[in-house]
Structures are given as C-alpha cells and as structure tokens.
Amino acid sequence: MNAPAQAPATSIGPPLWLLAEITYRCPLHCAFCYNPTDLAATTEELGTEDWLRVLREARAAGSVQCAFSGGEPLARDDLEVLVAEARRLGFYTNLLTSGVGLTEARAAALKEAGLDHIQLSFQDSTRELNDFLSHTRTFDLKQKVAAMIKANGWPMVMNCVIHRLNIDYIENIIDMAVELGAEYLELANSQYYSWALLNRDQLLPSREQIERAERITNERRQRYGDRIRIFFVVPDYYETRPKKCMNGWGSVFLTVTPDGTALPCHTAKMLPGLSFPNVGDMGVREIWYDSEGFNRFRGDDWMQEPCRSCPEKEKDRGGCRCQAFMLAGDAAAADPVCDKSSAHHVVLEAVDRAQRADSHALREAPLVFRGPAESKRLIAEAREAARS
Amino acid sequence: MSEAASIVATAKPRVSAKFRLQWEEAQQSWVLLYPEGMVKLNASAGEIMKRCDGSRSVDELVAELEQAFDTRGLHADVARFLDMARAQHWIEV
Chain Y
1 MNAPAQAPAT SIGPPLWLLA EITYRCPLHC AFCYNPTDLA ATTEELGTED WLRVLREARA
61 AGSVQCAFSG GEPLARDDLE VLVAEARRLG FYTNLLTSGV GLTEARAAAL KEAGLDHIQL
121 SFQDSTRELN DFLSHTRTFD LKQKVAAMIK ANGWPMVMNC VIHRLNIDYI ENIIDMAVEL
181 GAEYLELANS QYYSWALLNR DQLLPSREQI ERAERITNER RQRYGDRIRI FFVVPDYYET
241 RPKKCMNGWG SVFLTVTPDG TALPCHTAKM LPGLSFPNVG DMGVREIWYD SEGFNRFRGD
301 DWMQEPCRSC PEKEKDRGGC RCQAFMLAGD AAAADPVCDK SSAHHVVLEA VDRAQRADSH
361 ALREAPLVFR GPAESKRLIA EAREAARS
Chain E
1 MSEAASIVAT AKPRVSAKFR LQWEEAQQSW VLLYPEGMVK LNASAGEIMK RCDGSRSVDE
61 LVAELEQAFD TRGLHADVAR FLDMARAQHW IEV
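Chains Y and E, in that order, give the protein sequences.
Quick note on our numbering: the first sequence kicks off at 1 and runs consecutively.
Quick note on our numbering: the second sequence kicks off at 1 and runs consecutively.
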C-alpha cells in the first residue's frame with residue numbers, strides 16, 4: 001500500500017470510547033484482574049472536578065460511549081455526580097460493577113442520574129464462583145442486584161471471565177444467568193495481562209476444556225433461544241492470528257486511569273520508553289491527536305517484519321502491543337499469538353503446558369490474588385530485581 | 001417469527017427502548033447507542049430513523065421524506081429498511 005508515512009491528523013477518528021477507571025479500590029481480589037500489578041503505587045485519585053472536566057473534554061472531542069470502571073467504581077461516592085454529568089453531555093453511560101456496594105438507594109440515584117446500563121460481573125475466580133454455584137452469599141448478592149437492575153428498567157447484561165478453574169462449570173454459569181434474568185451474557189476467556197499473566201499457568205484452559213465449553217454454550221443457545229444472547233470469547237492463545245487489539249492503537253479507545261494518566265488501552269502503561277500524558281497537564285483533544293504516546297503505533301511506520309509486508313496487517317494491525325512486549329520483549333514486534341511471529345513458540349509452550357498441567361502443579365504455584373498488599377510485595381520484588 | 005412479515009403502511013414505527021438514537025456532531029451522523037456499542041447510520045438511514053418516533057405511519061414517513069428530498073417512489077426502499085431495522089430490534093411498531 002502507498003499510504004502516506006505519517007497519517008494526516010484528519011484521518012484519525014474521534015476517541016469514541018472513553019473508559020473511566022475512576023478508582024483502583026476494590027473489595028474483590030480477582031486473580032485475572034487486568035489492573036496493573038503495581039496498582040498500589042497509585043495513591044492519588046483524580047477529584048470530582050477533574051473527572052467532570054475530563055468528561056466534558058472527551059465529549060467535546062467526540063467520545064460517545066462512557067464506561068465507569070475500576071477497581072470497583074461504586075467505591076467512589078461521587079459516581080452518581082459523574083454519571084449525571086456524562087449523561088447530560090450526551091454520553092451513553094455504562095457502569096461495570098461486581099454489584100458490591102449497590103444499594104437500593106444508590107441504584108435509584110444512578111437511575112435519576114440517567115445511567116443507561118449496568119454490566120454485572122462475576123469477578124472472583126474461586127471463592128465467589130463457589131459461592132455462586134452453591135447458591136450462597138454471592139448468588140444472593142447477584143440476585144438482589146439483578147432485581148434492582150430489572151426494577152430500574154436497565155438492560156440486564158452479565159459478564160463472567162472464564163478460565164481453567166471455572167470453565168468446566170460453564171453450564172451452571174449460563175443456567176444461573178438465565179435464572180437471574182440476564183438478556184446478555186458475556187463469557188469472556190481471561191486475557192493474559194497483569195495479574196492474569198502472573199497466574200497464566202493456573203488460568204489457561206486446556207484445548208479439551210475450551211471445546212467442551214463451546215459445545216455446551218452452543219447447546220444452551222439452542223435451548224434458550226431468544227431469552228438470552230450469549231457471547232463466548234476464546235482465549236487468543238489458541239488462535240493463529242492476533243486480535244485487532246482495541247480496534248487499532250489510538251483508533252477509538254481512550255482509557256483514563258485513577259490518577260489521570262491517559263492511555264490507548266487499559267494496560268499500555270506497562271510499555272517501556274513511552275510517555276503517556278496526564279489529563280491534569282494536557283487536554284483530551286491534544287492527548288488524542290498530538291501526544292507521542294497515542295501516535296506511537298498509529299499508521300504502519302512502526303511495523304517490522306513479518307507485519308510490514310503482511311497482507312493481513314490492516315485486519316489485525318499486528319495484534320496487541322502489550323502482548324508483543326510481554327512475550328517477545330519488543331512492543332513493535334508482531335503479537336506472538338500470530339504464527340508468523342518468531343516468538344510464537346512462547347504462546348505454543350504456554351498452550352502446551354495447559355494440556356499437561358495437573359492439580360499437583362497448581363498446588364505448587366498458588367494463585368496470586370489482586371490486592372494492595374500483594375501489589376506492594378510485587379513492587380518491592382521488581383525493585384529488588386532491578387537493583388541486582 | 002413476526003419479523004419476517006413486511007411492515008404495514010399504517011404502522012407507526014418508533015425507536016426501540018433498547019436503543020438510543022442521537023445526532024453525533026463529531027461523526028456528522030445519526031447513531032444508535034446500546035450497552036457498550038454503537039451503530040453508525042448512513043445519511044438515508046438517519047433520515048428515516050429520526051422520523052421513527054411513533055407519531056407517523058410508514059405512509060406519512062415516506063411522504064415526508066419524498067417532500068424533504070423532492071423525490072418520488074421511496075416507499076419500497078423505506079419499507080425494506082424498516083423491515084431490516086425491526087429485525088435488528090432497532091424499531092418497534
């Protein structure tokens with residue numbers, strides 16, 4: 001292709017999607033969380049006024065979908081204020097929550113604020129799932145929250161991160177989602193970033209597990225028909241071509257982290273040698289169109305072989321920059337999920353281990369659960385490693 | 001499935017409660033918003049959808065479009081679009 005080397009600013013579309021990660025505080029401890037493992041280093045959160053300004057600037061720059069996420073966004077008591085302003089500005093407002101902290105009063109206040117949608121998630125991989133499957137505390141909570149969602153007329157969307165430890169219960173998960181009245185269910189396999197990468201060997205399902213889960217999901221789709229729409233996302237480690245991550249770097253997604261760092265995806269902060277602006281120092285429009293961090297992987301100037309001459313390069317944009325960095329050691333390399341990548345063997349090895357891993361191996365390496373104490377330990381460990 | 005039947009001329013379509021239709025200045029287009037998603041409508045789809053507010057019959061909607069764009073014979077195209085829109089649950093009648 002003879003595209004100009006530097007894409008002109010006018011060809012960059014607006015940041016349609018704003019992910020507002022308003023806090024890293026969270027009552028849960030998910031072993032697959034994509035929040036950074038050094039989240040304990042974030043001690044300051046943007047204040048209410050800062051977030052209101054970010055919302056106004058993003059909307060003016062063309063953002064239209066706004067997801068309030070975290071951490072657990074309900075941990076902030078100004079959530080209702082932020083939602084109200086987002087809705088007033090014309091955003092479609094989504095709340096991504098575990099439901100922990102959602103009371104009747106807060107649900108009513110969020111409805112009053114104009115919240116359009118709640119995505120209710122099952123978060124914890126062991127404790128919570130077990131509770132849920134056995135109809136105990138967590139199931140009761142989800143049932144209560146599901147009833148609030150229905151009572152307020154919100155669409156009922158549930159999300160469950162799927163992995164090695166829960167994938168064999170997929171029929172129970174689907175049936176219970178139906179029982180709770182979900183209209184949509186996302187069964188998204190864990191992606192291996194941050195905490196999930198630490199726990200990859202324990203979380204990556206075997207091929208056999210995935211095939212069974214897909215078969216069961218299809219059977220349940222047949223059984224329930226129009227009652228529920230089920231989305232099943234296979235882990236990309238089992239693919240031979242990478243995902244078009246974030247629909248392309250700096251193409252539609254803008255994440256703002258709790259301390260105001262603006263990122264082209266929620267994990268991009270891990271990439272070395274790249275600076276990402278803070279919304280306290282730069283306006284959203286300037287961040288999106290002019291900052292070095294957002295322009296770094298736009299166009300195809302940055303691409304190396306095999307991506308550069310690949311006929312599929314526009315289809316997948318070389319995959320995920322973070323995955324390239326994590327698995328191939330170079331953020332500008334092809335995503336090693338691609339079987340044309342010289343580092344594809346790293347993915348194959350992880351997949352191979354997933355076929356062999358047994359309960360003994362899992363006992364040898366316990367799950368690392370997300371939390372501030374673990375995060376501090378990991379930060380200290382990284383510092384120690386850097387010193388030696 | 002009821003969607004298979006073609007929309008009748010006297011039906012009064014309105015945007016489904018599952019979607020929100022709004023004009024997006026940055027995209028210079030009408031969009032349909034739904035949980036974590038967006039459908040960007042082309043110009044003619046936008047012109048039809050913005051008139052789906054439950055107050056106009058299909059016939060009235062077509063007449064209004066033909067007048068607005070100084071043309072004739074839009075009925076078949078509009079009906080085809082509305083059938084598709086109903087199958088996608090964008091509109092209710």
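Take the hints with a grain of salt, since some may be wrong.
Derived lysine-lysine pairs resembling BS3-like cross-links, with alpha carbons at most 30 angstroms apart [to be verified]:
#  : chain 1 : residue 1 : chain 2 : residue 2
1  : E       : 50        : Y       : 150
2  : Y       : 313       : E       : 40
3  : Y       : 313       : Y       : 243
4  : Y       : 315       : Y       : 244
5  : Y       : 244       : Y       : 150
6  : Y       : 340       : Y       : 269
7  : Y       : 150       : E       : 18
8  : Y       : 111       : E       : 50
9  : E       : 12        : Y       : 150
10 : E       : 12        : Y       : 315
11 : E       : 18        : Y       : 111
12 : Y       : 315       : Y       : 243
13 : Y       : 111       : Y       : 269
14 : E       : 40        : Y       : 243
15 : E       : 40        : Y       : 150
Covered by chain E, according to a simulated footprint, are these stretches of chain Y (three or more residues, beta-carbon under 8 angstroms) [unchecked claim]:
#  : region
16 : 56-67
17 : 88-102
Hints are computed from structural coordinates only; laboratory data are not their basis.
Ideal Cβ placement from N, Cα and C applies to all residues, glycine included.
Can you give the numbers of the hints that this structure goes against, from lowest to highest? 5, 10 and 13
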